[in-house]
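In the working numbering, each residue carries its 1-based index in the sequence shown increased by 73.
Hints are computed from structural coordinates only; laboratory data are not their basis.
Treat the hints with caution; some may be incorrect.
What the hints assert, rightly or not - Pair by pair, the computed Cβ-Cβ distance ranges are:
| id | residue 1 | residue 2 | range |
| --- | --- | --- | --- |
| 1 | ALA80 | GLY166 | 38 to 48 Å |
| 2 | VAL170 | GLY78 | 28 to 38 Å |
| 3 | ASP194 | SER102 | 24 to 34 Å |
| 4 | ARG168 | ALA123 | 33 to 43 Å |
| 5 | VAL162 | LEU98 | 37 to 47 Å |
| 6 | ASP108 | ARG168 | 29 to 39 Å |
| 7 | GLU91 | ALA123 | 20 to 30 Å |
| 8 | PRO114 | ALA85 | 21 to 31 Å |
| 9 | ALA195 | ALA80 | 28 to 38 Å |
| 10 | ARG167 | VAL76 | 36 to 46 Å |
| 11 | ASN183 | CYS161 | 18 to 28 Å |
| 12 | ASP137 | ASP181 | 27 to 37 Å |
| 13 | MET74 | ALA123 | 34 to 44 Å |
Cβ coordinates follow ideal geometry from the N, Cα and C atoms, glycine included.
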Amino acid sequence: MTVTGRAAALAAYAICFEELRPGRLETLSAFLAEDVRFRDPFSDVQGRQAVLGIFSHMFEAMEDPVFVVLDRAIGGEACYLKWRFSGCVRAGGRRQVEITGMSEVVFDENERVVSHVDHWDAASQVFGMFPVLGPLLRWLGRGFSPVR
C-alpha cells in the first residue's frame with residue numbers, strides 16, 4: 074500500500090473512532106481484517122469478532138465514551154493515532170475517566186486493519202483513580218522516577 078493510501082485509510086479509521094457509538098459497531102467492523110489482532114493494557118485478542126466484543130463491552134461498562142483523535146502519523150510500516158478517551162465508568166461509583174494514549178495501526182494491502190496496539194499508562198490513568206491503589210502506585214512511581 075502506498076503512503077497516500079495508508080494516510081487515507083488512517084484518516085478514515087480515525088473518523089470511525091471519533092464517531093463510534095453503541096449500535097454502530099458495524100462501522101468499525103468494516104475496517105478490520107478477519108484475523109485482526111488488538112492489544113491494550115487489559116486485552117490481547119485475535120479476530121474481528123473478539124475485537125468487536127472489546128468495544129461492545131466498553132459501551133456496556135461506560136456512559137458516553139468518546140474518542141478524540143489529537144494527531145496522526147504515518148511511519149515506515151505502521152501508522153499512529155494519538156487520542157484522548159473520556160467517559161464515565163458505571164461501576165464503582167460512576168467514575169469519570171480521561172485517558173490519553175497512542176494506537177499503533179498496521180493496514181494490509183486492502184486497507185484493512187491487521188494490527189491495532191494501544192499504548193497508554195494504565196497504572197496512572199486508570200488504577201491511580203482508586204482509593205487504595207492510587208496512593209500506592211504514586212508512591213511506587215516516586216521510587217522509580219529518575220528525577221526527584
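Status of the hints after comparison with the structure:
1. ALA80 / GLY166: 38 to 48 Å: At roughly 42 Å between Cβ atoms, GLY166 and ALA80 fall inside 38 to 48 Å, so the hint holds.
2. VAL170 / GLY78: 28 to 38 Å: At 34 Å between Cβs, range holds.
3. ASP194 / SER102: 24 to 34 Å: 29 Å, holds
4. ARG168 / ALA123: 33 to 43 Å: Check failed, 26 Å falls outside 33 to 43 Å.
5. VAL162 / LEU98: 37 to 47 Å: 20 Å, violated
6. ASP108 / ARG168: 29 to 39 Å: 35 Å, holds
7. GLU91 / ALA123: 20 to 30 Å: 23 Å, holds
8. PRO114 / ALA85: 21 to 31 Å: Given range 21 to 31 Å: holds, Cβ gap about 26 Å.
9. ALA195 / ALA80: 28 to 38 Å: 30 Å, holds
10. ARG167 / VAL76: 36 to 46 Å: Distance hint for ARG167, VAL76 holds at roughly 44 Å.
11. ASN183 / CYS161: 18 to 28 Å: Between ASN183 and CYS161, where Cβ atoms are some 37 Å apart, the hint is violated.
12. ASP137 / ASP181: 27 to 37 Å: 33 Å, holds
13. MET74 / ALA123: 34 to 44 Å: 24 Å, violated
Going through the hint list in order, the structure does not satisfy hints 4, 5, 11 and 13.
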